[in-house]
Amino acid sequence: QVQVVQSGAEVKKPGASVKISCKASEYSFNNYYMHWVRQAPGQGLEWMGIINPTGSSTTYAQRFQGRVTVTRDTSTATVYMELTSLNSEDTAVYYCAGSASYSGTYYGYWGQGTLVTVSS
Amino acid sequence: DIQMTQSPSSLSASIGDRVTITCRTSQSISVYLNWYQQKPGKAPKLLIYTASTLQSGVPSRFSGSGSGTDFTLTISSLQPEDFASYYCQQSHSTPQTFGQGTKVELQ
Chain A
1 QVQVVQSGAE
11 VKKPGASVKI
21 SCKASEYSFN
31 NYYMHWVRQA
41 PGQGLEWMGI
51 INPTGSSTTY
61 AQRFQGRVTV
71 TRDTSTATVY
81 MELTSLNSED
91 TAVYYCAGSA
101 SYSGTYYGYW
111 GQGTLVTVSS
Chain B
1 DIQMTQSPSS
11 LSASIGDRVT
21 ITCRTSQSIS
31 VYLNWYQQKP
41 GKAPKLLIYT
51 ASTLQSGVPS
61 RFSGSGSGTD
71 FTLTISSLQP
81 EDFASYYCQQ
91 SHSTPQTFGQ
101 GTKVELQ
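Taken in order, these protein sequences are the chains called A and B. According to our numbering, the first sequence is numbered sequentially starting from 1. According to our numbering, the second sequence is numbered sequentially starting from 1.
A couple of the hints might just be wrong.
Stated by the list, open to error - Lysine to aspartate or glutamate pairs mimicking DMTMM-like chemistry, simulated, CA-CA at most 20 Å apart:
(1) B/39 with A/46
(2) A/13 with A/82
(3) B/42 with B/1
(4) A/23 with A/73
(5) A/12 with A/82
(6) B/42 with A/10
(7) B/45 with A/46
(8) B/42 with B/81
(9) B/42 with B/82
(10) B/45 with B/1
(11) B/103 with B/82
(12) A/13 with A/26
(13) B/103 with A/10
(14) B/42 with A/73
(15) B/39 with B/81
Unchecked claim - Which residues of chain A face chain B? A partial, calculated answer using Cβ under 10 Å:
(16) 16
(17) 104
(18) 109
Rather than coming from a laboratory, the hints here were simulated on the basis of the structure. Just so you know, these numbers come straight off a predicted model, no measurement behind them. Using N, Cα and C, we set each Cβ at its ideal position, and we do this for glycine too.
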């Protein structure tokens, strides 16, 4: 079972950007599609986007288009998610999660989550 | 986007109760429906995938059914560790949307 560890909590001011990392314990991680999912306080889960195993292709939810960038460094088995132009509504826990294929599958493992707080 | 309607949003139940949570999608997704359990401060945990397949290590009191647009998660006999939130999720197409969640509380 792949273990993934996300970077620590962040506090950002409105208008700033945040970049979160998700690092795996083994290189089989590089066979998986990686998703980013967020959860605002007391709210449900919201899918943000996906990156393929090589890092050559991404798909984002329409509401984050232009503000989110997901990248991948296969040499270090790490995936990154950058979100720009932060506002208070972006305060949430952000999770990375892995699946074996682009669709028709499930998220078999998750990071522990990273809390991003946006406050002036 | 595929819309997910999960119900109820919360329920109160007792140990040993049979609990049923439903999830309806706005268009057919075949069997590409997963169920996750989430406890406070923790990442979601996969329970059921492709509508009815029990994830390894998940107790057999959990079961899933359905296809097309209507799906059900059943807990046959609620245990103390089952008090949590539950989410359905479709993986048929992007964005891979989640239901709004169901919080299962102790009555």
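Status of the hints after comparison with the structure:
1. Among the hinted pairs, residue 39 of chain B with residue 46 of chain A is consistent with the structure: their alpha-carbon atoms are about 17 Å apart, no more than 20 Å.
2. Distance check on the hinted pair: residue 13 of chain A and residue 82 of chain A sit about 15 Å apart at the alpha-carbon level, within 20 Å; holds.
3. Simply put, residue 42 of chain B and residue 1 of chain B have alpha-carbon atoms about 27 Å apart, too far for the 20 Å limit, and the pair is violated.
4. For a cut-off of 20 Å, the pair hint linking residue 23 of chain A to residue 73 of chain A stands: about 10 Å separates their Cα positions.
5. Between the alpha carbons of residue 12 of chain A and residue 82 of chain A the distance comes to roughly 13 Å, so the proposed pair stays at or under 20 Å and holds.
6. Our distance criterion of 20 Å between C-alpha atoms is met by residue 42 of chain B and residue 10 of chain A, whose separation comes to about 18 Å.
7. Of the pairs offered as hints, the one joining residue 45 of chain B and residue 46 of chain A holds, with about 15 Å between alpha carbons and a cut-off of 20 Å not exceeded.
8. Of the supplied pair hints, the one linking residue 42 of chain B and residue 81 of chain B holds, its CA atoms being roughly 14 Å apart against a limit of 20 Å.
9. For the hint pairing residue 42 of chain B with residue 82 of chain B, the CA-to-CA distance comes to about 14 Å; that is within 20 Å, so the pair holds.
10. For the suggested pair residue 45 of chain B and residue 1 of chain B, the alpha carbons sit about 24 Å apart, so the restraint of at most 20 Å is broken.
11. About 10 Å separates the Cα atoms of residue 103 of chain B and residue 82 of chain B, which keeps this hinted pair within 20 Å; it holds.
12. In summary, the hint linking residue 13 of chain A to residue 26 of chain A is not supported, as the alpha carbons are separated by about 34 Å, beyond the 20 Å threshold.
13. Between residue 103 of chain B and residue 10 of chain A the alpha-carbon distance is near 28 Å, which puts this suggested pair outside the 20 Å criterion.
14. A distance of roughly 26 Å separates the Cα atoms of residue 42 of chain B and residue 73 of chain A; the hinted pair therefore is violated under the 20 Å criterion.
15. Our distance criterion of 20 Å between C-alpha atoms is met by residue 39 of chain B and residue 81 of chain B, whose separation comes to about 9 Å.
16. About 25 Å separates the beta-carbon of residue 16 of chain A from the nearest beta-carbon of chain B, more than 10 Å, and the hint is not met.
17. At about 5 Å, the closest approach between the beta carbon of residue 104 of chain A and any beta carbon in chain B falls short of 10 Å, and the interface hint on this residue holds.
18. Restraint check, residue 109 of chain A versus chain B: the minimum CB separation of about 9 Å is within 10 Å; hint holds.
Violated hints, in rising order: 3, 10, 12, 13, 14 and 16; the structure is consistent with all others.
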